[in-house]
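> Residue numbers (our numbering), protein chains in the order written: chain A, 1 to 94; chain B, 95 to 188; chain C, 189 to 329; chain D, 330 to 470; chain E, 471 to 590; chain F, 591 to 710.
No lab work stands behind these hints: they were computed from the structure.
Certain hints may be false.
Claimed, not checked - Straight-line alpha carbon distances no greater than 27 Å define the calculated BS3-like cross-link-like pairs of lysine-lysine that follow:
1. LYS438/D x LYS531/E
2. LYS297/C x LYS438/D
3. LYS261/C x LYS438/D
4. LYS342/D x LYS402/D
5. LYS651/F x LYS402/D
6. LYS651/F x LYS297/C
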Amino acid sequence: MSTLHIINKANASQGLSSCLRVMLPGDGLLLIEDGVYLAAQLPALPEAVRAHVLQEDLQARGIALPGEGSALFTVDYAGFVALVCAYARSVSWS
Amino acid sequence: MSTLHIINKANASQGLSSCLRVMLPGDGLLLIEDGVYLAAQLPALPEAVRAHVLQEDLQARGIALPGEGSALFTVDYAGFVALVCAYARSVSWS
Amino acid sequence: MQANQPPGNTVVKLTVVVHSAPYSSQAAYSAYRFTASALEAGHEVHRVFFYYDGVHASNALSTPPQDEFDLVKAWQALIEQHELDAISCVSSALKRGILDAREAHRYEKQAANLAEGFVLSGLGQLVDASLSSDRVVSFGA
Amino acid sequence: MQANQPPGNTVVKLTVVVHSAPYSSQAAYSAYRFTASALEAGHEVHRVFFYYDGVHASNALSTPPQDEFDLVKAWQALIEQHELDAISCVSSALKRGILDAREAHRYEKQAANLAEGFVLSGLGQLVDASLSSDRVVSFGA
Amino acid sequence: MTPKTLTFIARSTPYGNGRAKALLDMVLSAAVFDQTINLLFMDDGVWQLARNQQPATIDAKDLSAALGALPLYDVNNVYVEARALDERGLTPQALAVDAKPCDDTEIAALIAGSDQVFAL
Amino acid sequence: MTPKTLTFIARSTPYGNGRAKALLDMVLSAAVFDQTINLLFMDDGVWQLARNQQPATIDAKDLSAALGALPLYDVNNVYVEARALDERGLTPQALAVDAKPCDDTEIAALIAGSDQVFAL
Chain A
1 MSTLHIINKA NASQGLSSCL RVMLPGDGLL LIEDGVYLAA QLPALPEAVR
51 AHVLQEDLQA RGIALPGEGS ALFTVDYAGF VALVCAYARS VSWS
Chain B
95 MSTLHIINKA NASQGLSSCL RVMLPGDGLL LIEDGVYLAA QLPALPEAVR
145 AHVLQEDLQA RGIALPGEGS ALFTVDYAGF VALVCAYARS VSWS
Chain C
189 MQANQPPGNT VVKLTVVVHS APYSSQAAYS AYRFTASALE AGHEVHRVFF
239 YYDGVHASNA LSTPPQDEFD LVKAWQALIE QHELDAISCV SSALKRGILD
289 AREAHRYEKQ AANLAEGFVL SGLGQLVDAS LSSDRVVSFG A
Chain D
330 MQANQPPGNT VVKLTVVVHS APYSSQAAYS AYRFTASALE AGHEVHRVFF
380 YYDGVHASNA LSTPPQDEFD LVKAWQALIE QHELDAISCV SSALKRGILD
430 AREAHRYEKQ AANLAEGFVL SGLGQLVDAS LSSDRVVSFG A
Chain E
471 MTPKTLTFIA RSTPYGNGRA KALLDMVLSA AVFDQTINLL FMDDGVWQLA
521 RNQQPATIDA KDLSAALGAL PLYDVNNVYV EARALDERGL TPQALAVDAK
571 PCDDTEIAAL IAGSDQVFAL
Chain F
591 MTPKTLTFIA RSTPYGNGRA KALLDMVLSA AVFDQTINLL FMDDGVWQLA
641 RNQQPATIDA KDLSAALGAL PLYDVNNVYV EARALDERGL TPQALAVDAK
691 PCDDTEIAAL IAGSDQVFAL
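For reference, chain A alone in the conformation it holds in the complex (with noise of 0.2 Å):
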């Protein structure tokens, strides 16, 4: 069972980096508060690896997506708590 990686930090070195490294096929990531800044210059996922980011935030801060060849699914907090039932842990890396 794959775990969800949460991201809650603008600065890469603060979580993002260390996550991607130890981070399985299958695995999720999500971006939510100031770790929506990182959606726009995400590096190379790990193979299988969905990532996400949390709507209400991307909004209030005004980011927008990079266009249609993004990998990114934007989700509501509705779909936060899905995707934390979705997946069998979930790791807050802050």
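Got chain A; can you put chains B, C, D, E and F on it based on the hints?
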């Protein structure tokens, strides 16, 4: 008159890198709290910048200075006070 | 997400952990919104555990400006409405000056300020909740 | 430091600003140690201004474990001994649930918890102190 | 008393924590003292200047709108670190608030010309 | 009830803030529940393992000494991220506490094998 730049975080991206870019010759650098972790791996300093590190915070963390060649001066809290007085102003890059 | 099918309409038993303080970190607010959404989706919130700076959400004396979101009140309303088990870690709270009547009396302090709806208890309540929940999600710090 | 000769035995007028909370950040402690050292060296500490999370140092209900350093008490002793002007920013404090008797009454709260020795006042007191001090040094956040 | 120069360096994102708001409150308080005020956005602080912020989605107040009120307080020396914008894919033209782009040398001069500096 | 696996990831420096102590308190509380406990030091958390800490100089309690008590609580699965040590000029031999060095793959496996994960 010159500026004392104070760093209190371990992560170079939180302060040190910005501070190093905007220092002037004659400015001072002071590492305190978690900033002392940067002592061992301090990047090259701008010209005529004197760097200091707080003794109490080094000792608390068990951090040894790089040895003889080090350009770092250790100060205690009294020295910290003296530095703040000696420079015209201080900036805390926390 | 083929490999991770959500449990569909299954009710999931959740524990929410809050590490950060209102007004200082958005994480305190995110935890609240997450909890409200989980309840709305019909899931069971087994326990909300306020730890470290998170305990500041349980300070009854908190008085934000009238035009700002009042997170203490919002939690209190959610706790009351859903009869949530909301625990503030007693050791985190004592250090940070948040006391219930019993602790105020024991330490001979002038007043108690734990907000109604919250209960002070030990870290064992977090471990216990984690062991009996399907999912644990942590916010902040 | 040829270019920056210290003022020698001159008394320097200092303002200390504290942005972080005890038990959550060492910066709250560093500010205390710095202030104590400055006084010991004979300098004038014109004002200590507690802002943002720094105001938590002025919560009288803070009850750390007996074997841990009690920063609220330490500040209080220093304030009393040197008749320091110690101000907690009123808007930061209200949000964070730290009230003096007047604010508790105004907002109809059950208790006041501002530690003795501290005074609640506005940000203007920080600006004013900065303008009339030789040096300002900020800790934390 | 000759007017003094107070420089405020905004280095924090607008909503993830309360620092951006705390620094802005300091700036507005200082503005009524009739001194020279500089406000500089650096590092993650440049996110405060992003357009189209809608923080109502997270029950927060719009910080960029508050920044728009700075001229009313006669805070006109507003600067932004060009490098920080660039690193984040922002341009000086696409900001919610007018701010003069500046480089390291200009920032160093701002600091050196200040009586006191506050960074948050 | 079959025992569960709780994994704690210590990612914070020991004295700059209270997170390291807060995580250790969680670990010690969990230890009495007779489950499988993993403790992993990652990123700046590896500084918690540095030798010769003397936090009395800043009126703090020695966290590395407290870590030394983990075996008494039957917390024996203690891991440290080899890369984080390396980046900080530390070696597994020069730590205050015994910890098994591990790489990204092993850390991924630790997480995947856990019922719940706490990072602080």
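> Next, verify each hint and record whether it holds.
Evaluation of the provided hints:
no., hint, verdict
1, LYS438/D x LYS531/E, "25 Å, holds"
2, LYS297/C x LYS438/D, "17 Å, holds"
3, LYS261/C x LYS438/D, "13 Å, holds"
4, LYS342/D x LYS402/D, "24 Å, holds"
5, LYS651/F x LYS402/D, "18 Å, holds"
6, LYS651/F x LYS297/C, "25 Å, holds"
The structure fails none of the hints (numbered hints given earlier).
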